[in-house]
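*Asks:* In case you want the letters, here they are:
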Amino acid sequence: TQLLEQSPQFLSIQEGENLTVYCNSSSVFSSLQWYRQEPGEGPVLLVTVVTGGEVKKLKRLTFQFGDARKDSSLHITAAQPGDTGLYLCAEISGSSNTGKLIFGQGTTLQVKP
Amino acid sequence: EAGVAQSPRYKIIEKRQSVAFWCNPISGHATLYWYQQILGQGPKLLIQFQNNGVVDDSQLPKDRFSAERLKGVDSTLKIQPAKLEDSAVYLCASSSHKGLFFGSGTQLSVL
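In the order they appear, the protein sequences are chains C and U.
Counted from 1, the first sequence has number 14 at position 14 by the working numbering; the numbering is strictly sequential.
Counted from 1, the second sequence has number 65 at position 65 by the working numbering; the numbering is strictly sequential.
It should be emphasised that the hints constitute simulated quantities derived from the structure, not laboratory data.
Any given hint could be a false lead.
[What the hints assert, rightly or not] Interface residues of chain U toward chain C, partial, derived using beta-carbon atoms under 10 Å: (1) SER7; (2) ILE12; (3) LYS15; (4) ARG16; (5) GLN17; (6) TYR35; (7) GLY40; (8) GLY42; (9) ASP56; (10) PHE65; (11) SER66; (12) SER87; (13) ALA93; (14) PHE101; (15) LEU108; (16) SER109.
[What the hints assert, rightly or not] Here are the simulated lysine-lysine pairs, DSS-like style, with alpha carbons at most 30 Å apart: (17) U:LYS98 to C:LYS59; (18) C:LYS59 to C:LYS70; (19) C:LYS70 to U:LYS44; (20) U:LYS71 to C:LYS57; (21) C:LYS56 to U:LYS11; (22) U:LYS98 to C:LYS57; (23) C:LYS70 to C:LYS57; (24) U:LYS98 to C:LYS70; (25) C:LYS56 to U:LYS98.
Note that CB positions come from ideal geometry on N, CA and C, so glycine has one too.
Could you put the whole structure together from the sequences, leaning on the hints where they help?
*Replies:* Okay, here's the thing in structure tokens:
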């Protein structure tokens, strides 16, 4: 079973700061997803990356997939209190609609106003 | 489009008691998952159904956990008897080609 390691485990920053969180694997990802989970809710899909070196942007969030497809990063520019939550990376094992997700342990982000 | 519905939202029981959780997936989603999320950790897959058949239950503690999806729609997850370490959020999810969609979960506290 592939092990996904996320870092840092916890991050507390002030509104307006930039931050990067990381997701690393011991082996090659087939494809990788990033989720955000707010307290009391289920995870919500942010993005899926498939191709090595791929970069995707979602407003102030930039997702990068490593060239070797063994790591990924999420960069947030000018963080806002609404960005507070648990950020999870997950590998899809199988097809997108029948496969299972293997999650990392997550990075808890707190953005203070 | 209605999301994945779960109930109850919260449940508090004593150890050795039984508990059941219910999930109604998004209409038309054939694949349904139950995940366990312990505080401070990522979700861990317990069981995956394709229609009413089990695809993967390798991480389900079968001595105390059971799940069913009799008509290929709703699903129930049961714990009998509960242990202290079962305290967690139990998330149900269903999937389509667009990805995985989670419910809000049931937060279980075992005292």
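*Asks:* A separate judgement is required for each hint: does it hold in the structure or not?
*Replies:* Taking the hints in turn, this is what the structure says about them:
1. SER7: violated, 14 Å
2. ILE12: violated, 16 Å
3. LYS15: This interface hint is violated because 24 Å lies over the 10 Å limit.
4. ARG16: violated, 27 Å
5. GLN17: violated, 24 Å
6. TYR35: holds, 8 Å
7. GLY40: GLY40 (chain U) check passes; min Cβ-Cβ to chain C is 7 Å, inside 10 Å.
8. GLY42: holds, 3 Å
9. ASP56: holds, 6 Å
10. PHE65: violated, 17 Å
11. SER66: SER66 (chain U) check fails; min Cβ-Cβ to chain C is 19 Å, beyond 10 Å.
12. SER87: violated, 16 Å
13. ALA93: holds, 7 Å
14. PHE101: holds, 8 Å
15. LEU108: violated, 14 Å
16. SER109: violated, 14 Å
17. U:LYS98 to C:LYS59: OK: LYS98 (chain U) and LYS59 (chain C) at ~20 Å, within 30 Å.
18. C:LYS59 to C:LYS70: With Cα atoms ~25 Å apart, LYS59 (chain C) and LYS70 (chain C) stay inside 30 Å; holds.
19. C:LYS70 to U:LYS44: holds, 21 Å
20. U:LYS71 to C:LYS57: violated, 40 Å
21. C:LYS56 to U:LYS11: Roughly 39 Å between the alpha carbons, so the hint for LYS56 (chain C) and LYS11 (chain U) is violated.
22. U:LYS98 to C:LYS57: Roughly 18 Å between the alpha carbons, so the hint for LYS98 (chain U) and LYS57 (chain C) holds.
23. C:LYS70 to C:LYS57: This hinted pair holds, its Cα atoms lying about 20 Å apart.
24. U:LYS98 to C:LYS70: It holds: about 23 Å lies between the C-alpha atoms, which stays within 30 Å.
25. C:LYS56 to U:LYS98: Cα-Cα ~17 Å, so holds.
Hint check: violations occur at hints 1, 2, 3, 4, 5, 10, 11, 12, 15, 16, 20, 21; the rest are consistent with the structure.
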